[in-house]
Structures are given as C-alpha cells and as structure tokens.
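Engineer: Residues per chain, in single letters:
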Amino acid sequence: MKYIAEYRDGETAQQYLTAIKNITTRPWNIMEVCGGQTHTIVRFGIADLLPADIHLVHGPGCPVCITPLEMIDKAIEISSLPDVIFCSFGDMLRVPGSTQDLQSVRAQGGDVRCIYSPLDCLKIARDNPDKHIVFFAVGFETTAPGNAMLVYQAAQEELNNLSVLVSHVLVPPAIQTIMSSPQNRVQGFLAAGHVCAIMGTQEYTPLAQQYRVPIVVTGFEPLDILQGLYLCIKQLEEGHAQVDNQYARAVTEQGNTAAQNLITQVFRVTSRKWRGIGDIPQSGLSLSQQYARFDAEQRFGMAADTPVEEPKECISGLILQGLKKPSQCPAFGKTCTPEHPLGATMVSGEGTCAAYFKYST
Amino acid sequence: MTLINTTPNCPLPLGDHPKVLMAHGSGGRMSAQLIDKLFRPAFENPDLDTLHDGAVLTLPQSLSQPLSQPLLQQRIAITTDSFVVNPLFFPGGDIGCLAVNGTVNDLAMCGARPLYLSVGFILEEGLAMQTLWQIIQSMRAAADIANVHIVTGDTKVVERGHGDGMYINTTGIGVLEHEQVIGPAQVHADDVVLLSGDIGRHGMAVMAQRENLSFDSHLISDCAPLAEIVLDLLKAKIDIHCLRDATRGGLAAVLNEISLASGLQIDCDESAIAVNDDVRSACEILGIDPFHVANEGCFVALINPKDKNRALEIMQQYNTNAAVIGTVHKTDSAIVTLRTAIGGKRILDLPTGELLPRIC
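The listed protein sequences derive, respectively, from chains L and Y.
FYI, in the working numbering the residues of the first sequence are 85 to 445.
FYI, in the working numbering the residues of the second sequence are 138 to 497.
In case anyone wonders, no lab produced these hints; they're calculated from the structure.
Do not rely on the hints blindly, as some may be mistaken.
Cβ-to-Cβ under 8 angstroms is the rule here; a few derived chain L residues that face chain Y [said to hold, decoys possible]:
{"id": "1", "residue": "Q98"}
{"id": "2", "residue": "G194"}
{"id": "3", "residue": "R197"}
{"id": "4", "residue": "Y200"}
{"id": "5", "residue": "G401"}
Small disclaimer: the values here were computed from a predicted structure and weren't measured.
Glycine included, each C-beta is placed from N, C-alpha and C at the ideal position.
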C-alpha cells in the first residue's frame with residue numbers, strides 16, 4: 085500500500101538503525117512531541133532497537149492526555165443535561181473526569197455520540213432542531229481547522245442550536261515550557277508532522293535558534309521516525325541547531341495558509357491549562373469575539389474553572405514533560421491500568437502510559 | 138426441598154462500573170472481567186471452566202442399553218450465541234447468516250460436526266415483514282451451505298424503540314466424530330499457531346456501514362462457515378490442540394484468551410498476518426488496530442508442529458492467505474508478543490473495550 089508498506093519496510097529500517105548506530109558517539113535525549121509519534125515508537129518496538137545511548141523522551145503532544153480535568157467535568161455536566169446531544173471524537177469518551185466519564189453518561193441515558201468529523205455536527209443540528217448540539221473541540225493545531233470550519237459553517241447557516249466546548253492547545257509554547265524548565269534534559273525534538281502540515285515548519289525556526297536545539301519534523305510511520313532520529317542525531321553530533329523537514333511529502337515551510345486563516349478568523353490565542361503541567365501562557369485557542377456566541381461554556385453559563393485535585397499517586401505531569409517514564413510510577417500497571425486510569429496518560433491510546441502498558445515488553 | 142446458596146450482592150465492585158457499558162460487550166478486557174467476576178462464580182462447573190467457544194459433553198449411558206452391547210460414549214458439543222449487529226444488513230452478509238455461521242463456527246471450534254440449531258428471535262414492533270423475510274431466507278441459505286438444520290425456535294416482539302429491529306439468539310448442537318480433545322488446556326509449548334486467512338474484514342465492513350463512512354475501498358465481511366475446513370483437518374488426522382475463531386476483540390483477543398487459559402506465552406510475527414489493503418487503509422484512517430477488529434470467517438489453530446505443513450496445505454485450499462503466524466513457549470508470563478514489521482517486539486494486548494477512532 086502506498087505510503088504504508090514502503091514506510092514499514094524491515095530492510096530499510098535495519099539500514100537506518102545501522103546508520104544511527106554508526107553516527108552515535110555519546111548519549112542523547114530526544115523528545116518526540118506528538119502522541120502519534122509515541123504510538124508508533126511503542127507499537128513498532130523502535131526504542132529497544134536503538135543504540136543504548138539514544139534515550140527517547142515522550143512529550144506532551146497528546147491532546148486527550150493534556151485536556152484538564154475541569155474541562156472533562158464540564159463536558160460531563162453538559163452532556164448530562166436533557167435535550168443536549170453531546171458529540172465528541174472517540175478517544176475522549178473514555179477519559180475519566182472527577183467522578184465518571186462520557187461513556188458512563190451515555191450508559192445513564194445521556195445522548196453522547198462519537199463522531200468522525202466535526203462537520204457531522206451540522207447535520208445532527210439540522211436534524212434535531214429541538215435539541216442543542218455541543219461538540220467537544222479538543223486537539224492541537226491539526227484538528228483546529230476542521231473545528232473552525234464547523235463554527236464557520238454553523239454561523240453561515242445561522243444555526244442557533246449548536247455550540248462548541250473548546251479545549252485547543254498549541255505546540256510551540258509547550259516546547260518553550262519544556263526547554264525553560266530547570267529540570268529539562270531534552271537536547272533535540274521530533275516535531276509533529278500533522279501539526280506542521282497545518283502551521284508549516286516556520287514556527288519552529290525561532291525555537292531552534294533560541295534554545296539551540298535541532299528540531300526535525302517527522303511523519304508517523306516507523307521509517308519516518310527512524311529517518312527523523314537519524315537527522316536529529318546527526319545535527320546533535322555535528323553541533324547544529326536547525327529545523328529539518330523529514331515529512332516533506334506532507335509538510336512545507338509555510339504550511340496550509342487557508343487553514344491558518346480560518347483558525348485566525350474563528351479562534352483567538354489564549355492562555356490554557358495543560359493537565360499535569362499547569363497554565364502555559366498563550367498556549368491555547370478560544371473562540372474569537374465574532375464567534376463567541378457558539379461558545380458552550382458561555383451558552384450553558386459555566387463558572388470559571390474550579391481547580392480539581394488529581395489522584396495523588398498520578399505522575400502524568402512528570403511523564404508529559406518527559407521527566408519520568410511510566411515504569412518509574414509506582415501505580416503503573418497496578419492501581420493504574422487502561423480500565424482504571426488514574427490520569428489521562430493511561431486513558432488515551434496515544435498516552436505514554438497506555439502505549440507502554442499495551443505494547444511494551 | 139434443597140436450599141441453593143445464592144449470593145445476593147454483586148461481586149463486581151460497584152466502584153468499578155455500577156452500570157453495564159458498551160465496552161462490556163466488545164470481547165476485550167472488560168468482557169473478560171464480566172465473565173470472570175459475575176458469570177463464572179455464579180454458574181461454576183467444570184464444563185464452563187474450560188472457557189471455550191462451546192461445551193463438549195459426554196452423553197450419559199442409557200439405562201435401557203443391553204448389557205451385551207459395547208457402551209457408547211458419544212461426545213456432543215453445545216453452544217449458544219446472541220446476535221445484536223447493527224445495521225441488520227452489511228456488505229457480505231446480514232444478521233441472519235451471521236447467526237447461522239457464528240453458531241456453526243463455535244461448534245467447529247470444539248472439533249464438532251455441526252448438526253442442529255435452535256433460533257430465538259426478538260423483533261422490534263414495526264420491523265418490516267419484508268426485512269424479516271429476507272433475513273429468514275438468508276438463514277436458510279446459510280444453513281444449507283453449512284449443512285445444518287434449524288429445528289426449533291421462538292419469537293418475541295418488543296415495543297417500538299427496543300431491540301434495534303431484531304436480535305437473534307441461537308443454540309447449536311454438533312457431534313464429535315473423533316477422539317481428540319480440543320481446547321486451551323491442551324495447548325503445549327512448541328505448538329505452532331496457524332491463521333486461516335486475512336483479518337479485519339467483518340468489523341470494518343460493519344463499522345463503515347453503521348457509521349455511513351464512504352470509503353473508496355470495498356469493505357466486505359468475511360462471514361462464512363468454517364466447519365468444512367476443520368472437518369478436513371480432523372479427517373487428515375492433524376493433531377489439533379486448540380481452535381478459536383477470531384470474532385469480537387479480533388485476533389488479539391483470542392490469542393490472549395488462549396494464552397491466559399493455557400498459561401503459556403504465544404509469540405507471533407506481524408509480517409505473517411495478512412491484512413487486505415482495503416481493511417488496512419480504513420484502519421489507518423481511523424487509527425484502529427486490525428488485530429482488534431472482529432472477524433466472522435477466520436480462525437486460529439494451535440497444533441502439533443509435526444503436522445504444520447500438512448495443516449497449512451489444507452487451510453490454503455480454502456484461503457491462500459492462511460499462514461503459520463506464531464509459536465507457543467513456556468515462560469514466566471502468559472502474554473502474547475508480536476515481532477513487528479521492522480524487527481522490533483511488542484506486546485499484543487487484549488483490546489480494552491469499544492473500538493473508538495483516534496482523534497488525530
């Protein structure tokens with residue numbers, strides 16, 4: 085299959101592994117930012133194939149993992165209301181809030197629906213004029229244009245029975261937070277290919293220069309990751325700090341300008357809380373003034389966030405920042421499993437803890 | 138009157154799941170939990186504890202049998218299943234042929250020749266009679282192909298809004314015409330694992346139909362009877378230790394179930410497991426693992442390695458994708474591992490619950 089088989093070829097993978105081994109002369113810590121990259125690394129067993137000197141640090145690029153508990157609780161509160169049809173991407177259904185998850189709301193009679201495209205909500209709204217449709221708009225820059233299009237088209241159609249619960253986050257501020265931490269040990273990054281398909285590689289040049297770190301944008305197949313690692317290690321060994329685009333088949337320097345324009349029109353940059361990390365300034369998106377009437381928090385009169393306490397044993401914050409691995413958590417695999425997750429890194433299939441639990445030997 | 142001990146309080150800790158969730162029916166970890174914590178303790182008996190697709194029972198000898206005749210110990214297999222698929226019709230089949238083939242296959246997995254089925258219908262008020270007729274016709278055709286007879290049945294109607302159009306329950310009976318004992322407890326270290334065909338077709342076909350996903354590719358269920366292949370293997374005196382069809386929860390679920398029941402590790406090779414391009418592309422778009430997707434015409438056979446080549450030759454006559462996909466080892470862990478396409482290694486775990494598409 086095109087773009088699948090050739091990027092999972094075992095022989096080529098071995099060639100890259102040999103090349104990585106040949107150029108590695110000392111230990112390096114490299115963070116892959118995106119949950120999709122973590123998923124590939126663990127699913128194909130890449131970490132164990134690398135030289136012992138290469139340490140992969142799993143970053144906070146899983147939108148399900150970093151959605152704050154307070155936002156999940158708001159989703160649950162709204163979805164439990166009568167005459168609400170609550171729509172969400174599938175992986176959000178399993179994330180536990182303070183007391184329950186969206187699956188449980190469905191079991192208790194709430195109309196919670198898994199949708200495949202945010203635009204599905206438009207049809208649901210048209211077909212159910214006596215109901216209020218709420219879409220849980222979660223994700224990084226990758227899903228922002230699709231979610232923006234939902235709001236844009238809802239406005240065009242003058243739908244007044246649709247709103248969005250927004251919890252969007254941005255990658256570059258997260259990288260800044262990680263690099264600014266005194267405990268940071270990350271020396272190079274594999275940046276998220278689909279985020280960059282939207283935003284371009286241009287946003288990462290100032291970060292590479294400011295923090296003197298190589299940043300390689302990669303795709304999500306195993307050979308993408310291996311080639312990305314090779315390029316990153318090569319830069320580290322040679323003392324460079326540039327942006328490399330391994331995922332040139334989908335990513336350009338400028339990105340998708342039409343998508344960027346829509347994001348700018350529908351959303352505005354705001355500060356946002358990242359679960360396990362805390363507030364990061366200018367790291368999220370909220371609806372712009374022009375589209376504020378579609379904001380579910382305003383529509384349902386939701387109070388400002390009351391901080392919710394996380395389970396004390398959960399160290400997902402340290403894992404999201406790449407400071408600890410799941411195997412270093414005393415609850416991992418014992419009191420914390422995919423069926424009974426203490427924190428979101430265990431719930432999402434792309435969460436580091438869930439990936440380790442499912443795939444790691 | 139004999140007093141029977143009952144335990145009124147539900148043994149599943151309420152804090153776990155106070156209500157039944159969809160995930161409890163998905164064939165993964167939560168389904169296993171429901172069986173393990175609720176059903177098995179309540180119905181406890183050795184036949185149930187074999188944890189196989191059906192129960193193999195020995196008929197008690199008849200009191201009227203003349204003493205001069207040799208004692209007959211006929212083994213029969215019995216199985217039950219319920220079918221709640223939505224939509225009722227999907228590419229490659231419908232709830233009717235699914236019910237017949239699913240039951241036939243469970244009997245085949247016990248090593249039995251399927252003979253008779255009973256069928257119970259639960260029909261939703263308002264279901265079109267034409268729809269019911271189509272499904273009945275489909276069941277008749279499937280029964281003819283599988284060489285079984287539907288000998289008894291029952292029908293109930295529930296109010297509009299319940300029953301998703303139609304639910305079907307079946308019970309199947311078959312006979313074992315050989316001496317082999319087939320089940321997870323018979324699996325040995327060094328057994329080889331054969332897979333009868335490519336995986337993922339049924340689950341993806343149903344999902345695409347149900348969710349109205351208009352893929353360019355053609356996703357068609359593999360719904361089919363497996364009894365003939367199994368009977369051919371038995372006729373060829375293949376030393377079969379365990380058979381299991383990879384239905385809900387997919388290949389990952391059945392391999393894990395066998396591993397846990399036998400206490401042995403199963404090591405598989407990803408590159409040996411066939412996934413057709415249409416299924417692969419649909420799974421990639423949605424972020425779904427083909428190993429977790431249901432099949433309705435695909436099974437694993439764990440056999441004595443000395444019969445590997447002969448067994449493979451027989452299975453490949455039915456599906457050229459049949460292959461040896463792994464081996465069984467005795468280690469400290471009852472897990473399933475997978476050698477990945479690029480030579481790495483990972484655990485192939487039980488799916489957690491519902492198949493949910495990934496966000497990005």
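Engineer: If a hint holds in the structure, say so; if it doesn't, say that too.
Structural biologist: Status of the hints after comparison with the structure:
1. Q98: holds, 7 angstroms
2. G194: With a closest approach of 12 angstroms, the G194/L hint is violated.
3. R197: violated, 10 angstroms
4. Y200: At 6 angstroms from the nearest chain Y Cβ, Y200/L passes the 8 angstroms test, so the hint holds.
5. G401: Check failed: Cβ of G401/L comes no nearer than 21 angstroms to chain Y, outside 8 angstroms.
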